[in-house]
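Asker: Here's the letter readout for the chains.
Number of protein chains: 2
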Amino acid sequence: MVDLRRWNVPTLAKSWPQGTLLDCPGIRIGHHTRESSTWRTGTTVVLLPPGAIGGVDVRGGAPGTRETELLRPDNMMDRIDAICLSGGSAYGLSAADGVMRFLESKSIGFPVGRQDGWVVPIVPAAVIFDLGRGGRFDHRPDAEFGWRAARAANDRSLRQGSVGGGTGARAGGLRGGIGSASRVVRGTTVAALAVVNSVGSVIDPDSALPWFTDGLELQAPTARDRDRFRRHFEDVSRPLISSATSLNTTIGLVATDGILTKAECQKLAAVSHDGLARAIRPAHSMNDGDTIFGVSLSRRPLNDRPIGSSASLLDDESRTSLFNDVLEAAADVFARACTLAVLRASGLPSLPGYRDLVPSALRGFPLN
Amino acid sequence: MVDLRRWNVPTLAKSWPQGTLLDCPGIRIGHHTRESSTWRTGTTVVLLPPGAIGGVDVRGGAPGTRETELLRPDNMMDRIDAICLSGGSAYGLSAADGVMRFLESKSIGFPVGRQDGWVVPIVPAAVIFDLGRGGRFDHRPDAEFGWRAARAANDRSLRQGSVGGGTGARAGGLRGGIGSASRVVRGTTVAALAVVNSVGSVIDPDSALPWFTDGLELQAPTARDRDRFRRHFEDVSRPLISSATSLNTTIGLVATDGILTKAECQKLAAVSHDGLARAIRPAHSMNDGDTIFGVSLSRRPLNDRPIGSSASLLDDESRTSLFNDVLEAAADVFARACTLAVLRASGLPSLPGYRDLVPSALRGFPLN
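Residue numbers (the working numbering), protein chains in the order written: chain A, 30 to 397; chain B, 30 to 397.
Hints in this document: simulated from the structure, not taken from any laboratory.
Treat the hints loosely; a few may be bogus.
One copy or any two copies: either way a pair holds, since identical chains are not told apart in the list.
To be verified - Straight-line C-alpha distance at most 20 Å; calculated SDA-like pairs for lysine to any residue:
| hint | residue 1 | residue 2 |
| --- | --- | --- |
| 1 | 296 | 137 |
| 2 | 135 | 161 |
| 3 | 135 | 315 |
| 4 | 135 | 166 |
| 5 | 296 | 235 |
Bear in mind the structure is a predicted one, so any value in this text is a computation, not a measurement.
The task is simple: from the sequences and hints, build the whole structure.
Answerer: Structure representation (structure tokens):
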């Protein structure tokens, strides 16, 4: 049985908490979406408040990344200014150029000189493979996409589904997209944003319901919808999974207002992959480029002691206990974000959405 | 005593072997240099022949990188099409966009669709910090630098010193730059290219000679030159090393025509860092972003058996013995490339070159 009280339920979305990554204080998110007869791709940018530090865990076999090395715990740089999630495969890494330019224009970044504007914005990035899905191979995000997504960033509302970096996404034969979820665990907020473009499926072909349903108020699908979904799944799943040139990816981040070390941010990212594994089957294939960033907003100590207490953090049992809860919540919110990405995606004539095949499960469900 | 026969001595540079990375068959190298009253930066691109596979080892505390995750041995993608080494700190990662565009225009890259031109070029990149050294903070490499360097790539000659990605380099208070070296070990070619922008120095302040002199025909410096160097070094070394915002880096690659697995390419990169450690002191500081790529051109089996011999490669003692020799050679050529980068750099009024301070050591030495 699922205890709904522990979730920020999406039906409360009008006011705080939204049940999204925006519940983390100081975070702003912007999409740039380009969808037409020849375009189907986009970029999503997460702008982080000052003091944010990050880690990363890359698990997929075919990742496309930028600025992940500096996030390793043994490297110096711990601050990050933004995360760029984009379509376009490796070409889409150029979206981060535009995010850097936007941040530089605001003098936001790592200071490297005597003058105020001399900054290097730290913008780790990951991409999904969506090339050619809009019809034209050369219609893919560039620096302007990153700049526009950064300029659009706000902390008021977050569109999910077929938008931004998730516009061109495909997940186990359904349209993929962007999802977000949050939880508060003992006062600490933990929230995720996922762009799901996976080889595997978030939907169980037998039940036609998501593998991960915790905290989601879904209805039992009608027999007709179940049959429709099963037929579709059998049609698409075999060729999709076996194709050697099929490149897919789930990318995203988990953030918390809890104060974490850089190494703990990497641990946060690592355990978030457990959520990916619960929500998507199969997961982490050699054709996936699964990459999750872990971010601490450095706001809230992970125990009741004041900051600067003389007790060693590592020896502090209550802190470890709360960090374990944060990790469990990280896996939960990432699993939920992956699932919502597919539930909230809108279908296309060539690529149905879950809502098209199993509408009966979504009666009363807040789609976007 | 140094056995000069084991080196490809630079005085033979007119014909093959050149004693540079160009001794590896199929490699082409291009620079784009921009140096004027307000510019001092550039980009160097190494174009690799079909079948090249790569690994990477990042050791510095402040790396700026792109597409390094896919090079990890447990990830699927092993082919790489080019390596982009650029100035501009993280901004300079955009140079790889231009290299990708150049390669795409030639239909070179990982094939991802039914049509011939649908390729994703795999272009790992690393950058050095040289921002503002030409006078203007916003004068730094962009995609056009990568495109121009790729277009200039050739297999005939390689300029070293203050050129391409090494144009804005500074190394231990001297002008840094680009160096390259090669060796043939039991028939297998091993060659390196290094861009040296290190916190540490390649020159021993006591002798005014490089820390690593194997295979270099240098003369004993005059007492006057030794004194001049020592005074300069004492002036510059303390503030350079202690500055918290001083960001430096040595980046480069080691390539071999020997057939290596992807994991062995990573090992090649790892042992090349030993060469960096021998040539530069201190090395691998938290302010360095030291990154070395390891590349196999997949041409020449590492033993005398024909390819397809039934013996397990790992069990093959003669292969392991030759791989160990290749690794030793990798450290040697990388150390030599680092040293040559500084010896061949030309000085500036604001930043002397080694040749300006210790000309007596370089009598008869081929500078470029």
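Asker: If you check each hint against the structure, which ones fail?
Answerer: When the structure is compared with the hints, numbers 1, 3, 5 turn out to be violated.
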